[in-house]
Amino acid sequence: MRLILVILWTLVGTLGASLLSFYEQPEDSFVTQDQPAVLKCKIENARSGFFKCNDHWSPDSTSSRLIQIGNKQLLSLEVTIDKKKLDEYRKLSIYSNSESIPSFWCVCLGWLNDESITSRKIFEIFEWEPMSTIGLIGKSVEIRCLPPEGEPKPSIYWLKNGLIIDKSNKRIYVSHEGSLLISEVLSTDSANYSCVAENLAARRVSEPALLSVAEDKGWTEWSNWTECVSDSNCGEGVQKRFRTCQNPPTINNAIGCDGFPYQTIACYIPCPETQFETRNDQILIGHFSAQNSATDEIGYFWTEWSAWSMVCNAECLRSRTRECQLGHKLPSGKIIPINEEINIKSDKCSGPNIEYSNCTFYCEKISKPINGNIFSDFSNS
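If you count by mature numbering (1 follows the signal peptide of the UniProt record, and there is no 0), then the sequence shown holds residues -16 to -1, 1 to 365, one letter each, in order.
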């Protein structure tokens, strides 16, 4: 028969200089289909008290009586939680939709006049358990931990190989969420680390996470540029070069180096001269020839080069472009387009449609990687 765990957390707590104190506190228990759990609590000098489960009072389910043990007068409280009652309370739980937090807990409360005492709780399950990772010498590393909820809120500290980490070490500190942050990793930081959550109720220790330390080997040298590759076998294309990160991947299987493993630049593959192939081109050329002297050249021609670009790329190069248009060339050398609506076909003209040149010294000075991004473009204006 399946067991359903009823999780309870307790500790003595008082307000002011009260005479109230716990003689016996509730203990963790189990509920089965046929066997209920009986939670017991004894409070010294209390006049009234009962249990509160999943933030809901349960006076109807709590039995209480005054007893004497030695010279101590105690209020003895008991609550019985069966399977039906357990299911009712779990539906009322503020944590009923959480997979990481137990969906049932109880606390014991007692009063004496205007003073009160409440048993404390802390959940057993960490919302995020620390995971083993690799730190690079000289770099920073984070071991994440989200501690269990608790009342009062638990304090967080870390163990290194079972010993509390020295707070005087300025390289190591704990974030407000509870994660361990180590800056300028040393080889001596390699160890098993455990996250600890502790309050007045209890102390919870996570499973240890191994921090392995490795040397930061960085990237290999860049490879040679590949040949120019174009989708149309000629015209505009792309060249690439590559490098390899020599560090192990991160815990998320990401590259263990800053930056990117490849670079690209634009290139050009000259296209062979071709005859006019489409009927529309032939009609336009024939029509225009009838209206112009035989000295005019008719065909595809390059326009004038554009002005140099005002923006330099990551390699500190500027560019200018020209277009291949269908038209006729006057004896003066001027190109008159025949039909500007015809799509530009750079493969009809011989030579590149883009040129590059080095930018100014000012561009070279500021064209530096940002956060490892070697592809950022900068303006030299």
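Simulated from the structure, these hints should not be mistaken for lab results.
Any given hint could be a false lead.
What the hints assert, rightly or not - Taking lysine to aspartate or glutamate pairs in the DMTMM-like style, the calculated list, with each CA pair at most 25 angstroms apart, reads:
(1) K69 to E28
(2) K36 to E11
(3) K56 to E8
(4) K69 to D18
(5) K154 to E211
(6) K144 to E126
Next item on the list: Could you work out which earlier hints the structure fails to respect and list their numbers in ascending sequence?
Entry: Those not satisfied are hints 1 and 5.
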